[in-house]
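Q: Given next are the chains, with one letter for each unit.
Protein chains: 2
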Amino acid sequence: MLAPWRSPLSSAIHRNRSKPHSRYFQLATVTPEGITANRTVVFRGFLDDEKYSNTLKIITDSRSAKIQDIEHQPLAEVCWYFTKTREQFRIRGKLQLVTNTETNADLQQARKTTWYNLSDSSRSQFAWPDPAQPVADKSAFDLEPPDPNLPLDNFCLLLLIPQKIDHLQLKGEPQQRCIYTLEDDLTWSTQAVNP
Amino acid sequence: MLAPWRSPLSSAIHRNRSKPHSRYFQLATVTPEGITANRTVVFRGFLDDEKYSNTLKIITDSRSAKIQDIEHQPLAEVCWYFTKTREQFRIRGKLQLVTNTETNADLQQARKTTWYNLSDSSRSQFAWPDPAQPVADKSAFDLEPPDPNLPLDNFCLLLLIPQKIDHLQLKGEPQQRCIYTLEDDLTWSTQAVNP
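Chains as they are written, first to last, in this note's numbering: chain A, 62 to 256; chain B, 62 to 256.
Derived from the structure by calculation, the hints contain no laboratory data.
Any given hint could be a false lead.
Each pair may be met inside one copy or between any two copies, as identical chains are not told apart.
Stated by the list, open to error - DSSO-like, lysine-lysine: derived pairs with alpha carbons at most 27 Å apart:
{"hint": "1", "residue 1": "Lys155", "residue 2": "Lys232"}
{"hint": "2", "residue 1": "Lys232", "residue 2": "Lys199"}
{"hint": "3", "residue 1": "Lys155", "residue 2": "Lys199"}
{"hint": "4", "residue 1": "Lys199", "residue 2": "Lys80"}
{"hint": "5", "residue 1": "Lys225", "residue 2": "Lys80"}
{"hint": "6", "residue 1": "Lys232", "residue 2": "Lys145"}
{"hint": "7", "residue 1": "Lys199", "residue 2": "Lys225"}
{"hint": "8", "residue 1": "Lys80", "residue 2": "Lys232"}
{"hint": "9", "residue 1": "Lys145", "residue 2": "Lys199"}
Throw the hints in and build the complete structure from the sequences for me.
A: Written out as C-alpha cells, the structure reads:
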C-alpha cells in the first residue's frame with residue numbers, strides 16, 4: 062500500500078525530471094564516534110516488493126565508511142531538495158544493507174537487478190582501488206567494465222525504510238509544510254504544520 | 062590566512078553562480094537521541110574576521126529543533142553539491158551559535174550585519190508562528206517586515222568552523238578527490254585520495 066507521502070514525492074520527481082541532479086539526495090548517518098557524516102547519493106527507485114513498497118533504494122560499496130555508521134546506528138536521514146519546484150523532503154528511516162551474503166532471496170534478487178540496471182561506468186567504480194586511500198596510479202582506474210550479470214562482492218544494495226517524512230514547499234505564500242509519521246507497520250498520520 | 066580548500070571552493074561557487082540553488086547546502090547534526098537530522102540551509106558567506114576567516118555563516122531561528130542538536134553535539138557535517146560542475150564538498154566542523162545574548166562584540170556585530178543583509182521576506186520568517194506546530198491561520202503569516210536595523214530576539218547567526226573537508230569532483234577520468242585536515246589551529250594538510 063502506498064504511503065500518503067508517495068504522491069507528493071512522485072509529483073516532485075516528475076516535475077523535476079528535466080534535471081538529472083533531481084535524483085541525487087544527501088544521506089546523513091552517525092559515525093561510531095557519534096559525529097554525523099553527510100554525502101550525496103543517487104536514488105535508485107523504490108523497492109518492487111509488496112511488503113516494503115515504500116522503501117527507497119540506494120547503492121553503496123562494502124569498503125565505504127558508511128557501512129560502519131549503519132552497523133552502529135541504522136537510523137538515518139535523507140534530505141532531498143528539488144531545485145526546480147523548490148521543495149524539500151526530509152526522510153528519516155532505517156537503513157538496511159543487502160550484501161553478497163544476503164539470504165533473503167527477494168532481496169538478493171533486488172541486489173542483482175539493481176546491479177544489472179547500472180551503467181558500465183557506475184559498475185566499474187566497484188572495481189576501483191580502495192576509496193579514501195592515498196591516490197593510486199591512473200592505470201588502476203582504467204578497467205574493463207564488470208559483468209552486468211555478476212555483481213562484484215563489494216557491491217551492496219542499501220535500503221531506506223522511511224518512518225517520518227517532513228515535506229516543505231518554499232513556493233507559495235505562506236510556505237507549506239506537512240509531516241507524515243509512521244504510527245505502526247501500516248498506518249501513517251499526516252499533520253500540516255507551520256513552516 | 063585562507064585555508065587551502067578555500068580556492069577550490071571559491072572556484073566552485075563562482076562557476077555555479079548562475080544557479081541560485083548553488084548557495085544552498087545540507088547541514089546534518091545529531092539529535093540528543095543520537096539520531097541524525099539533515100536539512101537544507103543557505104550559505105551566507107564567510108565570516109569577515111581575521112581569526113575566523115575560514116568560518117561559514119548560516120542563519121537559524123532559536124525556536125528551531127537544531128538548537129538542541131548543537132548543544133548536545135556541536136560537530137556537524139555540511140554536504141555541498143554543485144550541480145553544474147558536478148563536485149561535492151563535505152565540510153565537517155564545529156557549530157557555534159551567536160544569539161541575541163552574545164557578549165563578543167565582533168560576533169554580535171556580525172549577527173546584526175547578517176540580519177541587515179537579509180531580504181524582507183527572509184526577515185519576516187522570524188516573526189512567523191512557532192515552526193513545526195499545527196498550522197496557524199494564514200493571517201498569522203501576513204506581517205509587516207521587521208526592522209532591518211533591529212534583529213528579532215530569536216534570530217541567530219550560526220557559524221561553522223571547518224576541521225575537515227572532503228572534495229570530490231565527479232567530472233574527469235578518473236574522478237578526483239582530495240581531503241583537507243586541520244592539524245592545529247593554523248595548519249591544514251592536503252591529501253589526494255582515491256574517489
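Q: Sort out which numbered hints this structure fails and list those numbers smallest first.
A: Structure breaks hints 1, 3, 4.
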